[in-house]
Amino acid sequence: MSLTPDDVKRIARLARIEISDAEAQATQAQLNSIFDLIATMQAVDTREVSPMAHAQEVYQRLRDDVATETDRHADFQAVAPAVENGLYLVPKVIE
Amino acid sequence: MKWETVIGLEVHTQLATQSKIFSGSSTAFGAAPNTQASAVDIALPGVLPVLNRGAVECAIKFGLAVGATLNRVNVFDRKNYFYPDLPKGYQISQLAKPIVEGGALTIVVDGEEKTVHLTRAHMEEDAGKSLHEDFHGMTGIDLNRAGTPLLEIVSEPEMRSSAEAVAYARALHTLVTWIGICDGNMQEGSFRVDANVSVRPLGQAEFGTRREIKNLNSFKFLQQAIDYEVRWQIETLEDGGRIEQATVLFDPDTGETRMMRSKEDAHDYRYFPDPDLLPVKLDEAWIETVRAGLPELPTAMQARFQRDYGVSVYDAAVLTGSRALAAYFEAAAQKSGQPKLAANWVMGELSAALNKAELDIARSPVSAAQLGTLIARIQDGTLSGKLAKQVFEGLWEGAGEVDAIIEARGLKQMSDSGELEKIIDDVLAANPKSVEEFRSGKDKAFNALVGQVMKASKGKANPAQVNDLLKAKLQN
Chain A
1 MSLTPDDVKR IARLARIEIS DAEAQATQAQ LNSIFDLIAT MQAVDTREVS
51 PMAHAQEVYQ RLRDDVATET DRHADFQAVA PAVENGLYLV PKVIE
Chain B
1001 MKWETVIGLE VHTQLATQSK IFSGSSTAFG AAPNTQASAV DIALPGVLPV
1051 LNRGAVECAI KFGLAVGATL NRVNVFDRKN YFYPDLPKGY QISQLAKPIV
1101 EGGALTIVVD GEEKTVHLTR AHMEEDAGKS LHEDFHGMTG IDLNRAGTPL
1151 LEIVSEPEMR SSAEAVAYAR ALHTLVTWIG ICDGNMQEGS FRVDANVSVR
1201 PLGQAEFGTR REIKNLNSFK FLQQAIDYEV RWQIETLEDG GRIEQATVLF
1251 DPDTGETRMM RSKEDAHDYR YFPDPDLLPV KLDEAWIETV RAGLPELPTA
1301 MQARFQRDYG VSVYDAAVLT GSRALAAYFE AAAQKSGQPK LAANWVMGEL
1351 SAALNKAELD IARSPVSAAQ LGTLIARIQD GTLSGKLAKQ VFEGLWEGAG
1401 EVDAIIEARG LKQMSDSGEL EKIIDDVLAA NPKSVEEFRS GKDKAFNALV
1451 GQVMKASKGK ANPAQVNDLL KAKLQN
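Sequences listed follow chains A and B, in order.
Quick note on my numbering: the first sequence kicks off at 1 and runs consecutively.
Quick note on my numbering: the second sequence kicks off at 1001 and runs consecutively.
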């Protein structure tokens, strides 16, 4: 499997990364070499191996359901570009 | 052409935990903006999620309640998209290995039972809120809701009408509030419904192309939105058009659905397992502890009500509309010793009064014990049905206990037969025409005379006694 320049552009758009045609070409070559790597791994017979969601065979530790956090919005909002009435302000987005 | 409607629902239930799914922030509704958004919720660099045991337990309860498979190992994935109310740039959800798979819910439509199967239910975090009012042309972001635990419950596309979809949504709403995993408050967004709707020619095996109606927050809107969407799809197809897969919004003001986004710019979420979270393991001891703590479920209780109290299928379904209502009925039924009468009073007089006053059963001014006593007084002949309604009004106004109200307002049914005989004699004397008609075989005349006697006694005569005495006198 190999990627087309359009695939690369689409992936870049989904990640909100602006790339030039030259960058897209370079990236395409790099990504395709990663696909080669994946192809090599996929050639390995893994029928007897169950899929893993994580590299370690350990399980999630759980936290008790207790509200422990305090209101720190003043600290957090001190570094925000625009704030009003306790809200973060962002460029208008309406679907 | 005959068309068939196909509906599947995705319901987001907000889990009734104290804290968020991956942080220790409070989930209380209505706080000032961003005062319940911690470093984890606003996605400051370097923070890590820690899973809330309470949220997992809610999901286990649900899985057990619908007879589903609980995946002993389940996995969180990242669902990637950009939106300002999602600060991380991804939502933590479950795709390949959700906590709950399968299960079913029984619904009743037009007196018929139907089973709706569930596909899955998975844990995920809610996003924040975008406020599009004018902030100098900008959008305001409140992240208090970000990270609130949700259980997304997905049904199979097995519903065939808006009525079935509403019945399913209601049954699900009853169940999640019944087992205490969701407060069910639809106005506050605790129970939000997305409906996948398609139509196909009756008899066709393949599904038609579906459109998804997002974020319906009332049963009425769910019904209206589906009905509109189905009409629109059928008209479009009959006019030779095609249905494009799309996401639509319902506008309650116009009663119409309109396109939000088409499939062309549909999201590509690029799911992958979240490396910040390890797989979640459910051990058997935990599951059994949760199972032991579950209350009697609505369907089991309905069967018991029919068996033990002799109420109908329909009445049993109504009486188990909520745990509070079911508990109220049971208390009144036991206190009165008259379960069927108790069912009628709870679903009739009491429900009407509660609806009128816009009160929940939990805040009823008339207690179950009071209603039970009232019903017992009907049974022992102290009160007629009519007088009982007056006593009920007294109870509702807080005028005291049943017997005190009967005494104070002189509502006791007439038990002195001498007094009643005198009234009957007076009525017979005053209505010779009715007496004549009765004797010539007109049964209706008898009812007219009973009515006159009841009226003359100001409703206090015992109707059965009136019947007997009147018959005896007329036959003389």
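Treat the hints as calculated values from the structure; they're not laboratory data.
Computed from a predicted model, the values in this text were never measured in an experiment.
We put the beta carbon where it would ideally sit given N, CA and C, even for glycine.
Take the hints with a grain of salt, since some may be wrong.
Stated by the list, open to error - Straight-line alpha carbon distances no greater than 27 Å define the calculated DSSO-like cross-link-like pairs of lysine-lysine that follow: (1) B:1079 x A:9; (2) B:1129 x B:1002; (3) A:92 x B:1097.
What the hints assert, rightly or not - Residues from chain B that face chain A, not an exhaustive set, calculated with beta carbons under 7 Å: (4) 1012; (5) 1016; (6) 1019; (7) 1030; (8) 1032; (9) 1043; (10) 1046; (11) 1048; (12) 1050; (13) 1051; (14) 1052; (15) 1272; (16) 1277; (17) 1280.
* To do: Go through the numbered hints given earlier and state which of them the structure violates, listing their numbers in rising order.
  => Of the numbered hints given earlier, those the structure breaks are 2, 3, 4, 5, 7, 9, 10, 11, 15, listed in rising order.
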